[in-house]
Structures are given as structure tokens and as C-alpha cells.
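*Asks:* Just so you know, the protein sequences line up as chains Y and U, in that order. If you're matching positions, the first sequence starts at 114 in our numbering and goes up one per residue. If you're matching positions, the second sequence starts at 36 in our numbering and goes up one per residue.
Derived by calculation from the structure, the hints in this document are not laboratory data. Check each hint, because a few of them may be wrong.
Claimed, not checked - Residues on chain U that point at chain Y, a partial pick, calculated with CB under 10 Å:
| no. | residue |
| --- | --- |
| 1 | C45 |
| 2 | L84 |
| 3 | P87 |
| 4 | G99 |
Cβ atoms here follow ideal geometry from the backbone N, Cα and C, with glycine treated the same way.
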Amino acid sequence: MSVYDFSAKNGKGEEISLADYKGKVLVIVNTASKCGFTPQYEELEELYKTYGERGFVILGFPCNQFAAQEPGTDEEVQTFCRLNYGVTFPVFAKGDVRGETAQPLFKYLTKEKGFKGFDESHPVAKPLMEALQKNFPEYLEGDSIKWNFTKFLIDREGNVVERFEPTTTPKAMAKAIEALL
Amino acid sequence: MVKVYSMTSCPWCVKAKKYLESKGIEYQNLNIEEDEAARVACQQLSGDLMVPVITANDKDYVLGFDKAKIDTLLGIAG
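Just chain Y, with the same shape it has in the complex:
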């Protein structure tokens, strides 16, 4: 079993097999459709531009399960959305990533790589944890996806190598990606 056994619908509703990405290093990420952690979109795009030619692809899976529940940071509670304009990596159709309705791909990914905690040095780790404890304590249980921008790194053979929580910025993943290229 590998990620190549799964498929997902693209933005046009066509079923795409992940086997189409055989031989590439992948990052599979659940994205917020519009709000929250949006700077990560830009950093992901930068990674895609930097490593794309060496056989690296990012697959974005928009999900509304965490929408409009922004934890904010200590400095400011975010009350705006940014237009994610100019993302060129493949973005699939909106779907669930946690719970019983989660897409099979995400059930597989979270089974392969469980939750090991947030990077507490990231400024959003504390408010995110508090928001989860207060509003969605059940999200903290088990290995499920905790929030937008949970990233899974896949090697050229389709193995799930590493899981990065929302508190790891895409930039901080560069070394791990390079090691697989």
C-alpha cells in the first residue's frame, strides 16, 4: 500500500490517481480555502518554484472543516482573509480530512504518520492549542489532522516519510525535501 493507491477529484471534478505522480517527491497538504495560516500558501508556492524542476510537486487539498475558526496569534486576532492568488501547484476539490467523512487518502496518511505534537516555538502553537482545547477538544485526540496546513512528505516510491504540523512553516521543510530529491 502506498499513496499511489489513492485518487482524488481535481477542481474540475475529474478523478486523478496519485499514481500519476509516481517517481516524484510530494508534499500533500490540507489547505484552508481562504483564511488562516495563509502565509503558508506563499511559502509552499516558493518551495514548488524552487524544487519543481527536480521532480517535486505539492498537492493541495482544500478543506472547510477548520474554516472561520481562527485561533489568531497573541498579537492579533485575525479578522480578514487573503486572496490566495498565484498558487500554481495542483489543488484538488474541497473535501474533508478528519473524522468519519475524511477522504481515504487522509485516513491513510494519518495512520502512517501519527500526531507527535506541535512545534511550541512557533508563535501560533500556544493560541492554536488553547483554541483546540476550548472549542474542539476531540480534535486533539489520536492521530487525526489537527488544523489547516498539516503537511505530509512522500518519497519517490510513494512512502509517507514525515508529517509536519501546522506549526512547521513550509520553509522549515526545505532540508527534508532536498534530502529526498
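Given the coordinates of chain Y, assemble chain U onto it according to the supplied hints.
*Replies:* Chain U alone, transformed into the frame defined by chain Y:
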């Protein structure tokens, strides 16, 4: 006329527009996802593509759903 730059699935835009309605303020809704001219105008005004952006004179604006700042901008008595 007050302008609200917004996006379809932005909850803060919905809140901002509802707030203006509750104060009886008429506004023009400009969707920066669908309307390229609005996108360009919004970026020129605020320097970024974040919404909601509320303006009455195309110069001073409030970014985000911040009631206090919106009140000040539009001269709404608290």
C-alpha cells in the same frame, strides 16, 4: 458611497457587511475574486489582497472586521 472589498467565502466579509447593514449604511460590494477591476483597486488601496477592506473615500480604509475602526472611519456614533 461606502465600498466593501470582499470575497465569497470570507466569514469576516459577511460579518462586516452585516454590521454595516445593522447600522443602516448602504455600501457597494466589490468581490475581488470575481471582479478583476475590484482586485486591482483593492490592491492599490491597501497594498495587499486581504479583505474585507472598507472605504468611503478610496483613500482611508479599514482592513479586517474591526468594529471600532469601522465606526471611526464611517463616523458612526458608538
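*Asks:* Now tell me if each hint is right for this structure.
*Replies:* Going down the list of hints, with the structure as the test:
1. At a threshold of 10 Å, the smallest CB-CB gap from C45 (chain U) to chain Y is about 4 Å, leaving the interface hint in force.
2. A least Cβ separation of about 4 Å between L84 (chain U) and chain Y falls short of the 10 Å threshold, and the interface hint therefore holds.
3. Contact between P87 (chain U) and chain Y, as hinted, is supported at the beta carbon level, the nearest pair being about 7 Å apart and thus within 10 Å.
4. Using the Cβ-Cβ criterion of 10 Å, the hint placing G99 (chain U) at the interface with chain Y is satisfied: the shortest such distance is roughly 4 Å.
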